[in-house]
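**Student:** As a plain string of letters, each chain reads:
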Amino acid sequence: MAAAIEAEDLVKTFGEVHALDGVSLEVPEGTVLGLLGPNGAGKTTMVRVLTTLLRPDSGRAVVAGLDVLKQPNEVRGLIGLSGQYAAVDEYLTGRENLQMVGELYQMSPRDSRARALELLDWFNLSEAANRIAKTYSGGMRRRLDLAAALVVRPPVMFLDEPTTGLDPRNRMALWEVIERLVGEGTTLLLTTQYLEEADRLAHDIAVVDHGKVIARGTADELKAEIGGERIEIVVEDPAHLGQAVEALAPYAKGEPAVERHTRRITVPVSGGASVLADVIRELDARTIVIQDIGLRRPTLDDVFLSLTGHATFGDEDVEAADVEALEAAADAAGGTGDGDAARTVAAGSSSSEGKDS
Amino acid sequence: MTTVPAAAPSSGPGYTSSDAQALSAAPARPRPAPPGPVTAALTFAWRALLKIRRIPEQLSDVIAVPVVFTLLFTYLFGGALAGSPHRYLQFLLPGTLVMAVLLATMYTGVNLNGDLAKGVYDRFRTLRIWQPAPIVGALIGDALRYLLASALVTGLGLLLGYRPHGGVGGVLIAIALVVVFAVALSWVFTLLGLVLRSASAIMSLAVVVLFPLTLASNAFVEPGTMPGWLRAVVHANPVTQLVTTTRAAMDGTVTAVQIATVLAASAALVAVFGPLTMRAYRRHE
Numbered sequence: 001m002a003a004a005i006e007a008e009d010l011v012k013t014f015g016e017v018h019a020l021d022g023v024s025l026e027v028p029e030g031t032v033l034g035l036l037g038p039n040g041a042g043k044t045t046m047v048r049v050l051t052t053l054l055r056p057d058s059g060r061a062v063v064a065g066l067d068v069l070k071q072p073n074e075v076r077g078l079i080g081l082s083g084q085y086a087a088v089d090e091y092l093t094g095r096e097n098l099q100m101v102g103e104l105y106q107m108s109p110r111d112s113r114a115r116a117l118e119l120l121d122w123f124n125l126s127e128a129a130n131r132i133a134k135t136y137s138g139g140m141r142r143r144l145d146l147a148a149a150l151v152v153r154p155p156v157m158f159l160d161e162p163t164t165g166l167d168p169r170n171r172m173a174l175w176e177v178i179e180r181l182v183g184e185g186t187t188l189l190l191t192t193q194y195l196e197e198a199d200r201l202a203h204d205i206a207v208v209d210h211g212k213v214i215a216r217g218t219a220d221e222l223k224a225e226i227g228g229e230r231i232e233i234v235v236e237d238p239a240h241l242g243q244a245v246e247a248l249a250p251y252a253k254g255e256p257a258v259e260r261h262t263r264r265i266t267v268p269v270s271g272g273a274s275v276l277a278d279v280i281r282e283l284d285a286r287t288i289v290i291q292d293i294g295l296r297r298p299t300l301d302d303v304f305l306s307l308t309g310h311a312t313f314g315d316e317d318v319e320a321a322d323v324e325a326l327e328a329a330a331d332a333a334g335g336t337g338d339g340d341a342a343r344t345v346a347a348g349s350s351s352s353e354g355k356d357s
Numbered sequence: 001m002t003t004v005p006a007a008a009p010s011s012g013p014g015y016t017s018s019d020a021q022a023l024s025a026a027p028a029r030p031r032p033a034p035p036g037p038v039t040a041a042l043t044f045a046w047r048a049l050l051k052i053r054r055i056p057e058q059l060s061d062v063i064a065v066p067v068v069f070t071l072l073f074t075y076l077f078g079g080a081l082a083g084s085p086h087r088y089l090q091f092l093l094p095g096t097l098v099m100a101v102l103l104a105t106m107y108t109g110v111n112l113n114g115d116l117a118k119g120v121y122d123r124f125r126t127l128r129i130w131q132p133a134p135i136v137g138a139l140i141g142d143a144l145r146y147l148l149a150s151a152l153v154t155g156l157g158l159l160l161g162y163r164p165h166g167g168v169g170g171v172l173i174a175i176a177l178v179v180v181f182a183v184a185l186s187w188v189f190t191l192l193g194l195v196l197r198s199a200s201a202i203m204s205l206a207v208v209v210l211f212p213l214t215l216a217s218n219a220f221v222e223p224g225t226m227p228g229w230l231r232a233v234v235h236a237n238p239v240t241q242l243v244t245t246t247r248a249a250m251d252g253t254v255t256a257v258q259i260a261t262v263l264a265a266s267a268a269l270v271a272v273f274g275p276l277t278m279r280a281y282r283r284h285e
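Sequence order for the protein chains is A and B.
Take 1 as the starting number for the first sequence in the numbering used here and just add one per residue.
Take 1 as the starting number for the second sequence in the numbering used here and just add one per residue.
Source of the hints: derived by calculation from the structure; they are not laboratory data.
What you were told as hints is all true, and nothing was included just to trick you.
Going by beta-carbon spacing under 7 Å, a handful of chain A positions derived as facing chain B: (1) T51; (2) L81; (3) G83; (4) Y91; (5) E103.
Backbone N, C-alpha and C fix where the C-beta goes; we use that ideal spot for every residue, glycine too.
All chains, full assembly: derive it from the sequences and hints.
**Tutor:** The following block contains the structure:
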């Protein structure tokens, strides 16, 4: 399969900041690459370079077989961009916003109007079609912005944090639209801070931090990279920690991690639920009282933490405890699907991302 | 983000299952050829007109300023400078016409700056169009604002008793020249709109530049009584050329050379600031 997007050693520096520090990546035609990273990792800069908005200091980029630096205008004919800041015209109505893009693509007024109404309908904006975009909510603007990027259905799409700041319901709805586009063959580069989003939408994930790709693979590969499943135990009495570690030793596939203040032991294992049963029997035999026990598969959160040493939320000023609490809440809500509440909170606390630049 | 769209039923936004078919059923569109420069610029001019319609208050600068200046200068200085407001108006009107329109050019930069800050231009810059089209389109909208300001000043002047000896033809030539020069001068402000950080920075720089430029000219008084050095400044000021030509057109005495001079000055402004603007536009981060 040919690569629809190809970047080679892209470098972009803003003053002292290395927004891109030698990034290479490749997105095969018809697939989705999730660019996953915290605020300021360089995700937006990457998108701006690939969409001809920003010239890199060095490196090479090819989109749909065209050199982004040498043929920017031809590239523009084949891409669609929906940015982090909904690029809609506030004083135009939803319909006029879309119609304008259609006319700029040489559609007749009649066609561009029809297309605008069609898109407004898909994105459930029909009733707001004749209201100026200034009166739209954040979610509506996002949808209008995405619709504007879809007026001529470009074969290569760039979505920069498409769901940041959206409530869970709007996020899910947008995911469905994105999945449908990809199902029809659109190549997509998606940036996100949400692991769950990358997990669900992306075929491949590139983890970026400080302008570098620090890991690449499918979600499962990345999870496997930091090890398989683990058993997590919380003992009732901290005095039992030592004994518990001993009891676990025969099943451990690696060094156990002991957290004294939370009375928690985490140990890599293999064998699934039957190991869990064995461990419970073993602990019971030694009369170690446990408060909580569980078999955990690594989440992308774990991947991120182990790769970067910091959480995805990226706000250095967020107290470690806060991050832990958020993660705990996200976990409690259950791995994939329902962790929105906690993540929405997290997004709220870090929504002040400036342009990555 | 506080509100969910009112249109969304409680079961969630409607673009779910049934729309999947709609999306798939939509015919694959052949990729259209990119639009020509004129089509693209006119599309953006349409945008500018819609914006004027939606925010009519942004016209206050081309309505209030001309009216206030014309009335103020006529009655404030008229008696002292020319014996009577009526006689002064005969000299002043072409001057206020020039001043009112040139002062309005700063909003070109202010508007562009605002659009850039909101990210709208990110979309325009990723479209396969003639790159200057968004800016040229905005300038077409601005030209209409300048026309409005010109009509207002002229109309008010006629009401107050101004009588152009050049007749309708002369007035139209005068207005056309002023608008052409103002559009050319607007390219200075598109550049400033791109390189300066905020609207207020553009405004303060514009005031510092435009006020001396329009006042240190022959718009309000004949330079005869000025000290020599100031007379030199006034003569070198391109606005003086414009005012002289505008006055001559309205008086019916304009020469081809005078018209050509204004057009050449306008062309020179575009030739210098057009490319500088586009360079800044392409590099805008």
